[in-house]
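*Asks:* Sequence:
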Amino acid sequence: MNKIYYALPLNFGRLCKKKDHEHCTLKESISQHLYLIITTALGDCLYDETYGCSIWDSDFDNEINDSRLKAQIKAGLCLSIKKHENRLEDLGIEISFSQALVNVGEHVTSMKKKLDLVVTGTLTQTDEPFVFSGYFFMGPLSYY
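Taken in order, the sequence shown gives residues 1 to 144; the numbers are from the numbering used here.
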């Protein structure tokens, strides 16, 4: 049974013209969904206030240490992924922090806290291994 998975971002222009939307693989679909979960603040989704990630809750919290922050983000992310992405099982999450210089203007550089994230698991449909990795800059949360 082959399912069709649609690529993000949605191209409403094509849909309005009744043209087919771009497709993607199961792994790409899960990666895109994980990205949405991670970059959505809890409460932003009106139909489900549990959709999203707690990274946003601690984005400006300078008083929390890195190990507590890692544990907090990992627990919240694990809960959200288990609830909203049922195509993955045997979930594993690794988080690390570092400092990074980020260009914020033509001649302006800023030091930001970089969150490196790796989500591993097994595809429930095929028992294949799955890996998603990404990085985000905190305070305020941003991604490139």
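I should point out that these hints are in silico values taken from the structure, not numbers from a laboratory.
The beta carbon of each residue, even a glycine, is placed where N, CA and C say it ideally should be.
Careful: at least some of the hints might be erroneous.
[To be verified] Quick list of simulated restraints, FRET-style, between CB atoms: (1) Lys74 - His107: 15 to 25 Å; (2) Pro9 - Lys82: 19 to 29 Å; (3) Lys19 - Met111: 20 to 30 Å; (4) Glu128 - Leu101: 29 to 39 Å; (5) Glu28 - Leu101: 27 to 37 Å; (6) Gln125 - His21: 29 to 39 Å; (7) Cys45 - Glu94: 23 to 33 Å; (8) Lys19 - Asn86: 26 to 36 Å; (9) Tyr47 - Gly105: 31 to 41 Å; (10) Glu94 - Arg14: 29 to 39 Å; (11) His21 - Gly43: 23 to 33 Å.
[What the hints assert, rightly or not] Simulated pairs of lysine-lysine, DSSO-like, Cα-Cα distance not exceeding 30 Å: (12) Lys74 - Lys27; (13) Lys3 - Lys27; (14) Lys113 - Lys83; (15) Lys74 - Lys17; (16) Lys17 - Lys27; (17) Lys3 - Lys70.
*Asks:* Take the hints in turn and mark each one as holding or not.
*Replies:* How the hints compare with the structure:
Here the CB-CB span from lysine 74 to histidine 107 is close to 37 Å, at odds with the stated 15 to 25 Å. Between proline 9 and lysine 82 the Cβ separation comes to about 25 Å, which falls inside the hinted range of 19 to 29 Å. Against the hinted window of 20 to 30 Å, the Cβ-Cβ separation of lysine 19 and methionine 111 comes to about 45 Å, which falls outside the hint. As the Cβ distance of glutamate 128 to leucine 101 is approximately 37 Å, the hint placing it in 29 to 39 Å holds.
Our hint of 27 to 37 Å for glutamate 28 and leucine 101 holds, since their Cβ atoms are close to 30 Å apart. Between glutamine 125 and histidine 21, the C-beta spacing of about 21 Å breaks the proposed range 29 to 39 Å. In this structure, cysteine 45 and glutamate 94 meet the distance hint of 23 to 33 Å, their C-beta atoms being roughly 26 Å apart. For the pair lysine 19 and asparagine 86, the supplied restraint of 26 to 36 Å holds, since their beta-carbon distance comes to about 30 Å.
Between tyrosine 47 and glycine 105, the C-beta spacing of about 38 Å keeps the proposed range 31 to 41 Å intact. Our hint of 29 to 39 Å for glutamate 94 and arginine 14 holds, since their Cβ atoms are close to 37 Å apart. Range check, histidine 21 to glycine 43: Cβ separation about 29 Å, and the 23 to 33 Å hint holds. Restraint check: the Cα-Cα separation between lysine 74 and lysine 27 comes to about 21 Å, which is no more than 30 Å; the hinted pair holds.
Among the hinted pairs, lysine 3 with lysine 27 is consistent with the structure: their alpha-carbon atoms are about 12 Å apart, no more than 30 Å. For the suggested pair lysine 113 and lysine 83, the alpha carbons sit about 28 Å apart, so the restraint of at most 30 Å is met. Proximity of lysine 74 to lysine 17 is assessed by CA-CA distance (about 42 Å); at most 30 Å being required, the pair is judged violated. Only pairs whose Cα atoms come within 30 Å are accepted, and lysine 17 paired with lysine 27 is accepted, the gap being roughly 28 Å.
About 35 Å separates the Cα atoms of lysine 3 and lysine 70, which puts this hinted pair outside 30 Å; it is violated.
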